[in-house]
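**Student:** For reference, the chains in residue letters:
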Amino acid sequence: MVQTVSTSREEVANPFPQAIREALYAGAISFGLFVLFIGLKSDQNIRNELILVQRWGLLAIVVALVMIGRFVAVAYIRPFVANQKIANIATGLFPDSAATRFFRLPYFIAAVVIAAVLLFFSGTLAGALSPQSAAYVGLLRGVAIIYALASVLFYFRSFILAHFSLLSVILLVLYPVAMVLMFGFQGSLKWVDNFGIQILIYVMLAWGLNIVVGLAGLLDLGYVAFYAVGAYSYALLGTHFGWSFWILLPAAGLMAAFWGVILGFPVLRLRGDYLAIVTLAFGEIIRLVLINWREVTNGSAGISGIPKVSFFGLFSFNVSDPNYIAKVFNIAQSGAYYKIFLYYLILALALLTAFVTIRLRRMPVGRAWEALREDEIACRSLGINTTTTKLTAFATGAMFGGFAGSFFAARQGFVSPESFVFLESAIILAIVVLGGMGSLTGIAIAALVMIGGTEILREMQFLKAIFGDSFTPELYRMLLFGCAMVIVMLWKPRGFVGSREPTAFLHERKSVSASFTKEGHG
Amino acid sequence: MTGKTLLQVEGVETYYGNIRALNGVNVSVKEGEIVALIGANGAGKSTLMMTIFGSPRARAGKITFAGTDITEMPTHEIARLRIAQSPEGRRIFPRMTVLENLQMGASLDNLKHYDEDAEKVFTLFPRLKERISQRGGTLSGGEQQMLSIARALMARPKLLLLDEPSLGLAPLIVKQIFDAIRVLNKTQGLTVFLVEQNAFGALKLATRGYVMVNGNVTMSGTGKELLANPEVRAAYLEGGRH
Ligand SMILES: Nc1ncnc2c1ncn2[C@@H]1O[C@H](COP(=O)(O)OP(=O)(O)OP(=O)(O)O)[C@@H](O)[C@H]1O
Ligand SMILES: [Mg+2]
Numbered sequence: 001m002v003q004t005v006s007t008s009r010e011e012v013a014n015p016f017p018q019a020i021r022e023a024l025y026a027g028a029i030s031f032g033l034f035v036l037f038i039g040l041k042s043d044q045n046i047r048n049e050l051i052l053v054q055r056w057g058l059l060a061i062v063v064a065l066v067m068i069g070r071f072v073a074v075a076y077i078r079p080f081v082a083n084q085k086i087a088n089i090a091t092g093l094f095p096d097s098a099a100t101r102f103f104r105l106p107y108f109i110a111a112v113v114i115a116a117v118l119l120f121f122s123g124t125l126a127g128a129l130s131p132q133s134a135a136y137v138g139l140l141r142g143v144a145i146i147y148a149l150a151s152v153l154f155y156f157r158s159f160i161l162a163h164f165s166l167l168s169v170i171l172l173v174l175y176p177v178a179m180v181l182m183f184g185f186q187g188s189l190k191w192v193d194n195f196g197i198q199i200l201i202y203v204m205l206a207w208g209l210n211i212v213v214g215l216a217g218l219l220d221l222g223y224v225a226f227y228a229v230g231a232y233s234y235a236l237l238g239t240h241f242g243w244s245f246w247i248l249l250p251a252a253g254l255m256a257a258f259w260g261v262i263l264g265f266p267v268l269r270l271r272g273d274y275l276a277i278v279t280l281a282f283g284e285i286i287r288l289v290l291i292n293w294r295e296v297t298n299g300s301a302g303i304s305g306i307p308k309v310s311f312f313g314l315f316s317f318n319v320s321d322p323n324y325i326a327k328v329f330n331i332a333q334s335g336a337y338y339k340i341f342l343y344y345l346i347l348a349l350a351l352l353t354a355f356v357t358i359r360l361r362r363m364p365v366g367r368a369w370e371a372l373r374e375d376e377i378a379c380r381s382l383g384i385n386t387t388t389t390k391l392t393a394f395a396t397g398a399m400f401g402g403f404a405g406s407f408f409a410a411r412q413g414f415v416s417p418e419s420f421v422f423l424e425s426a427i428i429l430a431i432v433v434l435g436g437m438g439s440l441t442g443i444a445i446a447a448l449v450m451i452g453g454t455e456i457l458r459e460m461q462f463l464k465a466i467f468g469d470s471f472t473p474e475l476y477r478m479l480l481f482g483c484a485m486v487i488v489m490l491w492k493p494r495g496f497v498g499s500r501e502p503t504a505f506l507h508e509r510k511s512v513s514a515s516f517t518k519e520g521h522g
Numbered sequence: 001m002t003g004k005t006l007l008q009v010e011g012v013e014t015y016y017g018n019i020r021a022l023n024g025v026n027v028s029v030k031e032g033e034i035v036a037l038i039g040a041n042g043a044g045k046s047t048l049m050m051t052i053f054g055s056p057r058a059r060a061g062k063i064t065f066a067g068t069d070i071t072e073m074p075t076h077e078i079a080r081l082r083i084a085q086s087p088e089g090r091r092i093f094p095r096m097t098v099l100e101n102l103q104m105g106a107s108l109d110n111l112k113h114y115d116e117d118a119e120k121v122f123t124l125f126p127r128l129k130e131r132i133s134q135r136g137g138t139l140s141g142g143e144q145q146m147l148s149i150a151r152a153l154m155a156r157p158k159l160l161l162l163d164e165p166s167l168g169l170a171p172l173i174v175k176q177i178f179d180a181i182r183v184l185n186k187t188q189g190l191t192v193f194l195v196e197q198n199a200f201g202a203l204k205l206a207t208r209g210y211v212m213v214n215g216n217v218t219m220s221g222t223g224k225e226l227l228a229n230p231e232v233r234a235a236y237l238e239g240g241r242h
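Residue numbers (my numbering), protein chains in the order written: chain A, 1 to 522; chain B, 1 to 242.
Same shape as in the complex, but just chain A (with noise of 0.2 angstroms):
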């Protein structure tokens, strides 16, 4: 006789004891990680001696905080995910039920007008309140305004799942245009540059990266390098030779494709960890070599007055040249056209990346990349020269690293090797294999939310209410890194979007059922 076994008793039980059990666990651990962390802190005192701070009381907050933590969610949210039987393990999201529950149309109401109230007098507010409850304010009108737009996007997913690279790019050409008409040229300069730009440019790297890692498989610790190259051939070559962007902006991409074959070259032999270590040095000698070849890179001083962009030369954002945009166009003078001008620049760049991904990866050298990074040798004896198609992908994802460069040299108007520390190296590999290593859209989220959400702490201006003036939000951006990525493996262990494209079909038949399409979790 066959017998099923049932253990849906057992979870029905009272999870009261285990959470508490497991609450002191949780407690224990923390206690055992935090004590030498947090409970004590070396520090000097005034006659510069090395004392120790005994900080028992956060000590025990953080350990009380953690063990709360871990009780709710075992005695609550783990029952409470159980029940709705995590249905849709395929999408990660939490079923339909409990989703249409949290976003109801009285509350989606009561979101938009909270919100806009608030933005409507919050020039009036500003005055009235005091700095700390004007913080409130203000977080307040944040967490409306996501919940408002967290409904919207809820209500209208399927549509936007249907259409999402024509919506985000339709988003993204807008966004400059609405910020300003929300906030004026002045008052956009933040959203458009600290924003729109930061998170494009490192869109850009990581697509460009995702070639090299995403496609061929080829694990590439020093990628900075490349845009450290594209960034001085385009500093140096401008400040010499005062050439223009446009000149520029290819003779940059390819001195770092160059150097991509060049880092190629080496390294054909080798794969995995022993290639992460020789590109990772490769980053590092760049690096240095900028620093200490003074006489051509001004050594740690770093480059600085060079040119702006002009638009195609018809008119230029320096406000001293006879067409100056405002002169041209009598405008009021301000910095912010400059920095649209360069957001759309660098939206086009980095559609210029995806557009050349998607192109290659159904083109015979992208489906070569995509083998090779599945199995060198099957690729071989299938007639594939993998020397070329390494070098091809190094060299591929290199020049937009330098195309990047180059924008962030003319951007900033200074290049120094700070910019390029192996730091960026493993914030842009760590967008690549957050957004799934290989996804274009799962990247640009990636992007999104790790460089968004580091520079929204900036905005954070609250946190300043609760932990005292001397916090500074800013700080912790790379603890804020840190728990996306753990929450994100945890949840999503192959990154947002872990699932391939398939390029290949039978040409009589286009359209072929996904259900097949689907990997398996594991």
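These aren't lab readings, by the way, just hints derived from the structure by calculation.
By construction, the Cβ of each residue, glycine as well, lies at the ideal position given by its N, Cα and C atoms.
There's no promise every hint is true.
[To be verified] Which bits of chain B does chain A cover? Going by a derived footprint, with three or more residues having C-beta under 8 angstroms, they are: (1) 79–86; (2) 105–114.
[Claimed, not checked] Label-pair ranges, simulated between beta-carbon atoms: (3) B:Tyr16 - A:Val169: 52 to 58 angstroms; (4) A:Leu268 - B:Glu13: 23 to 29 angstroms; (5) A:Ile170 - B:Asp109: 38 to 44 angstroms; (6) A:Leu268 - B:Arg80: 16 to 22 angstroms; (7) A:Ala162 - B:Tyr15: 57 to 63 angstroms; (8) A:Ala348 - B:Gly168: 50 to 56 angstroms; (9) B:Pro74 - A:Glu501: 27 to 33 angstroms; (10) A:His163 - B:Pro74: 43 to 49 angstroms; (11) B:Pro74 - A:Val169: 38 to 44 angstroms; (12) A:Leu423 - B:Arg80: 14 to 20 angstroms; (13) B:Gly168 - A:Leu270: 28 to 34 angstroms.
With chain A fixed as given, assemble chain B with the ligands onto it according to the hints.
**Tutor:** Relative to chain A, chain B with the ligands alone:
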């Protein structure tokens, strides 16, 4: 009906580090033949298959294909001479769909005959057609074996090397695959060199066969002769499945 020599392996020695795996092997395959290579585990059969493809490379001896010396040729160029292989361990691309795997096989041809050839392998292996957009890595072992053979066929090879095509397959499917090989050989004149543990089936299928022991070819003859040979019977057939 058999024509000129297509593949000639003369005195080939292959080493893994200092260990000699092939001991001066001589094998030849004529156009239009099916040649079987049998031998115990670790005899060096797969090594010979891979040496023909240049990885690992032969340290001594000479390999010629259709008159061209391929001993020192890079693997991908050997493949471009239209030698295709279904290697040991199948080596399909796990994250790619069945169709993409087939596409990789056809990429030598720049996909000129891709649709036509895909239809052909699907008539050979209808099972693959049902799984057309499934990931290679999620196929069953037998299906992966079919895919590996199908991918090799997509390259329109002049010579097909098969390393244990029956590995892990149900007897009925083994029969289907052997039948398929026979049909390809009869109708298209495809030349096949195959390694098999299923010695009985392989020798029945083959025009000629070789027996390999410890890196040496110790016996050769037509399939019938080897099947009748008492030594071969004792070592590879009796106590086996027949
Ligand atoms: N990469 C390697 N490094 C070292 N030794 C190897 C390597 N590959 C194979 N060998 C050795 O070479 C010998 C021949 O191996 P080979 O794989 O050719 O055997 P085989 O005849 O194909 O056996 P089987 O029927 O089990 O597949 C074996 O002794 C094996 O241990
Ligand atoms: Mg073998």
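**Student:** Which hint numbers doesn't this structure obey?
**Tutor:** Going through the list in order, the structure violates hint 12 alone and respects the others.
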